[in-house]
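Which chain is which? The protein sequence lines are D and Y, in order. Using this note's numbering, you'd call the opening residue of the first sequence number 1 and step up by one each time. Using this note's numbering, you'd call the opening residue of the second sequence number 1 and step up by one each time.
Hints in this document: simulated from the structure, not taken from any laboratory. Check each hint, because a few of them may be wrong.
[Claimed, not checked] Just the calculated beta-carbon pair ranges, DEER-fashion: (1) L12/Y - A50/D: 45 to 55 Å; (2) A140/Y - E192/D: 18 to 28 Å; (3) N321/Y - R166/D: 18 to 28 Å; (4) T2/Y - Q67/D: 27 to 37 Å; (5) S168/Y - P228/D: 44 to 54 Å; (6) N288/D - A14/Y: 29 to 39 Å; (7) S168/Y - A50/D: 56 to 66 Å; (8) S65/Y - N288/D: 51 to 61 Å; (9) H191/D - R263/Y: 54 to 64 Å.
[Claimed, not checked] A few chain D positions that, by computed beta-carbon distances, are all more than 10 Å from chain Y: (10) V70; (11) I75; (12) T86; (13) P130; (14) D185; (15) F190; (16) L204; (17) Q210; (18) A229; (19) R263; (20) T290.
[To be verified] Chain Y side only, calculated, beta carbon under 10 Å to chain D, not exhaustive: (21) I25; (22) P44; (23) T66; (24) S68; (25) M97; (26) L204; (27) A209; (28) V211; (29) S300; (30) M303; (31) Y322.
Bear in mind that the values here come from a model prediction, so they are computed numbers and not experimental data. Think of the CB as a built atom: it goes at the ideal place given N, C-alpha and C, for glycine as much as any other residue.
There are 2 protein chains.
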Amino acid sequence: MTELQRIQRLILEATSVLGRETVPILESLGRVLAVDTVAAEDIPGVDISAVDGFAVFHGSLQGASTQSPVPLRIIGESPAGRPFGTGVGRGEAVRIMTGGVIPDGADAVVKREDAEERGSLVVFAASHGPGGNIRFKGEALKRGETVLFAGEVIGAVEVCKLASLRRSHVLVHQKPVVAIISTGDELTDFHEPSLPGKIMCSTLYGLAAQVLETGAVPLLLGVAQDDPAEQRKLLSEGLRADVVITSGGIANGKYDLMRQTFRAVGVDIKFTNIALKPNKPAVFGAINGTLIFGFPGNPSAGMISFEQFVRPALLKMMGRNYFDEVKQSFFSSIDSFRPDLKGGGPLRASLVPDRGPATGKGKPS
Amino acid sequence: MTELQRIQRLILEATSVLGRETVPILESLGRVLAVDTVAAEDIPGVDISAVDGFAVFHGSLQGASTQSPVPLRIIGESPAGRPFGTGVGRGEAVRIMTGGVIPDGADAVVKREDAEERGSLVVFAASHGPGGNIRFKGEALKRGETVLFAGEVIGAVEVCKLASLRRSHVLVHQKPVVAIISTGDELTDFHEPSLPGKIMCSTLYGLAAQVLETGAVPLLLGVAQDDPAEQRKLLSEGLRADVVITSGGIANGKYDLMRQTFRAVGVDIKFTNIALKPNKPAVFGAINGTLIFGFPGNPSAGMISFEQFVRPALLKMMGRNYFDEVKQSFFSSIDSFRPDLKGGGPLRASLVPDRGPATGKGKPS
Numbered sequence: 001m002t003e004l005q006r007i008q009r010l011i012l013e014a015t016s017v018l019g020r021e022t023v024p025i026l027e028s029l030g031r032v033l034a035v036d037t038v039a040a041e042d043i044p045g046v047d048i049s050a051v052d053g054f055a056v057f058h059g060s061l062q063g064a065s066t067q068s069p070v071p072l073r074i075i076g077e078s079p080a081g082r083p084f085g086t087g088v089g090r091g092e093a094v095r096i097m098t099g100g101v102i103p104d105g106a107d108a109v110v111k112r113e114d115a116e117e118r119g120s121l122v123v124f125a126a127s128h129g130p131g132g133n134i135r136f137k138g139e140a141l142k143r144g145e146t147v148l149f150a151g152e153v154i155g156a157v158e159v160c161k162l163a164s165l166r167r168s169h170v171l172v173h174q175k176p177v178v179a180i181i182s183t184g185d186e187l188t189d190f191h192e193p194s195l196p197g198k199i200m201c202s203t204l205y206g207l208a209a210q211v212l213e214t215g216a217v218p219l220l221l222g223v224a225q226d227d228p229a230e231q232r233k234l235l236s237e238g239l240r241a242d243v244v245i246t247s248g249g250i251a252n253g254k255y256d257l258m259r260q261t262f263r264a265v266g267v268d269i270k271f272t273n274i275a276l277k278p279n280k281p282a283v284f285g286a287i288n289g290t291l292i293f294g295f296p297g298n299p300s301a302g303m304i305s306f307e308q309f310v311r312p313a314l315l316k317m318m319g320r321n322y323f324d325e326v327k328q329s330f331f332s333s334i335d336s337f338r339p340d341l342k343g344g345g346p347l348r349a350s351l352v353p354d355r356g357p358a359t360g361k362g363k364p365s
Numbered sequence: 001m002t003e004l005q006r007i008q009r010l011i012l013e014a015t016s017v018l019g020r021e022t023v024p025i026l027e028s029l030g031r032v033l034a035v036d037t038v039a040a041e042d043i044p045g046v047d048i049s050a051v052d053g054f055a056v057f058h059g060s061l062q063g064a065s066t067q068s069p070v071p072l073r074i075i076g077e078s079p080a081g082r083p084f085g086t087g088v089g090r091g092e093a094v095r096i097m098t099g100g101v102i103p104d105g106a107d108a109v110v111k112r113e114d115a116e117e118r119g120s121l122v123v124f125a126a127s128h129g130p131g132g133n134i135r136f137k138g139e140a141l142k143r144g145e146t147v148l149f150a151g152e153v154i155g156a157v158e159v160c161k162l163a164s165l166r167r168s169h170v171l172v173h174q175k176p177v178v179a180i181i182s183t184g185d186e187l188t189d190f191h192e193p194s195l196p197g198k199i200m201c202s203t204l205y206g207l208a209a210q211v212l213e214t215g216a217v218p219l220l221l222g223v224a225q226d227d228p229a230e231q232r233k234l235l236s237e238g239l240r241a242d243v244v245i246t247s248g249g250i251a252n253g254k255y256d257l258m259r260q261t262f263r264a265v266g267v268d269i270k271f272t273n274i275a276l277k278p279n280k281p282a283v284f285g286a287i288n289g290t291l292i293f294g295f296p297g298n299p300s301a302g303m304i305s306f307e308q309f310v311r312p313a314l315l316k317m318m319g320r321n322y323f324d325e326v327k328q329s330f331f332s333s334i335d336s337f338r339p340d341l342k343g344g345g346p347l348r349a350s351l352v353p354d355r356g357p358a359t360g361k362g363k364p365s
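Isolated chain D (complex conformation) (with noise of 0.2 Å):
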């Protein structure tokens, strides 16, 4: 295991699976499914017709061929969704369309170009056994079995399946709301003016749009400045989310003061001084099952903590198979990242943490 896995590690196992919620199945898309989906009825459920032709009791076909073809009265129609009334008799033919009911008394249906209608008769010039052309009720699916299990992802397919159960609603497990800080005088956002020697907080949007990639739903607490009491008054604000990321105010610098206001907080600080290339330390604690991040504020070592610390833990409050998802997802991310503005190469982001100042902050604790 490297160092970045045992971190990882450490990160998921502080993490928790959400509970549920019941969303409407057009906006489960994504979601994972809480529970088993078990069907309520049978489906068909009733008997009836895979094809256009007419319902017959087949008895009333025997000994029909070319030679001796054999009329039925037409007696009425079964077009799917309107059941014909009364029973079908022998010597009688019931029109059928695809999904039509089955009338009673009928046990095969005849398809349309195997028999010729002639007024208010049909002919048929060759027998039939019982059965054909029926799809039987429950023979797509029996009352009580499984359709969708717990854990699955919801895609197209399985809007569609949740449909045809009549089920308009579904469990889903809760998406985290993550709070996202961004800390340092020079910042500013974009409904504050622009001054000189200000920049804008552009990690908070970033981060925020890899929030909502992931699924989740951010909210942008905004900007602190570097001061302890404005920074604990939006960490604060923010312990109400599940996950809160701060963007800077994270280094040895007299105006990096995030550590001292996690401190001050209450939270338990499980892991400080990563070492991330291109860039400065990050910091992870807990408080009251809260996550709480805290990343340098450049943007590219921010959004590549993001995928390494928090996508994973996201993935699994919302259910999701975290290991797989962000195998593929991180390393795929860390080639297209491009965050510096000129676009260059892909960032180089070192998977080995530093072996700590002197100290021995470096390691976990």
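Given the coordinates of chain D, assemble chain Y onto it according to the supplied hints.
Below, chain Y alone, put in the same frame as chain D:
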């Protein structure tokens, strides 16, 4: 070119890229940029420090060495976002943080660890050339440089770049609106009671989910009974959308009226009778720029038809590189498609259309 590819090409030739709209950057994920994004100003906008340390005029440190260290007077500080008001003269230093504006008169930054503070003085044991540890105005990006190009798909990294440039909104290609109609007397929707012989219009929801997955907007017009007037009414309502998909009523049964409805409404039918196992014909046409797809009512057949015929068109409308994307999505989707309720194996989608009936209707017109 296979027959399927020929038909896909026919559809794409009838498909136009949609116009533009402005959306907030966090709503632009997965959308396609409609114009180049050019930097309106230099980044950084002024010279800033790349490290925590001291901003000095390099001439002040001439001849400094361990044997003869040079003390400078600390006259103030320049943290990120709060520029030092006045200039730095010979013999003076300004404490500066990463991202802090370089004060007038300073032309180098010496790292904190290469200096020693003694009260109001800071002592240097080495000389330094000009320019050290400074990120110069426009170093990351020059005003007028193109940062993102029209046609790029917007991901989290692009959102971060747009935010860096203070773009709160972005011009992207519009999403197509896709009206969906199911037809059949046997169908009911969630808002209607479930009666014997009736089944849910599950294809409606499966198709709507596919539209959502593609990034477009479904408009669920609901179920039309097997009645020409009702079909015409819903179809006419659908014509204000960019695309209309109908499910059912497309075969040759007595109640399969959809093709007649298409003609009644004035749809220019471009092909019909494509064989699509495990099912029935499909129809494609257009009217006043709206694309019309008529698919079988069977969920599997309808959803595979969507993958083959509609998804490429929707991707083109949204400005995406549909050829590449479709190749990938199509083949992966065919393997994973199991809309039959029991799970079972993947659907056998015939990629080879039939040779058409004797009338020659099977050939695209």
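Please check whether the beta-carbon of I75/D is more than 10 Å away from every beta-carbon in chain Y.
Nearest chain Y Cβ is 17 Å from I75/D, so the label holds.
Does the hinted range 51 to 61 Å hold for S65/Y and N288/D at CB?
The hinted range 51 to 61 Å holds for S65/Y and N288/D, with Cβ atoms some 55 Å apart.
Minimum Cβ distance from M303/Y to chain D below 10 Å?
holds, 7 Å
According to the definition I'm using, a residue is off the interface if its beta carbon is farther than 10 Å from all beta carbons of the partner; does A229/D meet that for chain Y?
holds, 17 Å
Should the label of D185/D as a non-interface residue stand, given a Cβ cut-off of 10 Å to chain Y?
Given a closest Cβ separation of 4 Å, the condition is violated.
Given S300/Y was flagged as interface, is its beta-carbon under 10 Å from a beta-carbon of chain D?
holds, 9 Å
Does the CB of A209/Y sit less than 10 Å away from some CB of chain D?
holds, 4 Å
Could you say whether the range 54 to 64 Å given as a hint is met by the Cβ separation of H191/D and R263/Y?
holds, 55 Å
So, as I understand it, the hint says L204/Y touches chain D; can you test that by seeing if any CB pair is closer than 10 Å?
At about 7 Å, which falls below the 10 Å cut-off, the nearest Cβ of chain D leaves the hint on L204/Y intact, so it holds.
Tell me if the interface restraint on P44/Y is satisfied: Cβ within less than 10 Å of some Cβ in chain D.
Nearest chain D Cβ about 7 Å off; hint holds.
Should the hint that Y322/Y touches chain D count as held when the rule is a Cβ pair under 10 Å?
violated, 18 Å
Holds or violated: the hint that M97/Y contacts chain D, with Cβ atoms closer than 10 Å.
With Cβ-Cβ at 6 Å, under 10 Å, it holds.
When each numbered hint is compared with the structure, violations occur for hints 1, 3, 4, 5, 6, 14, 15, 16, 17, 23, 24, 31.
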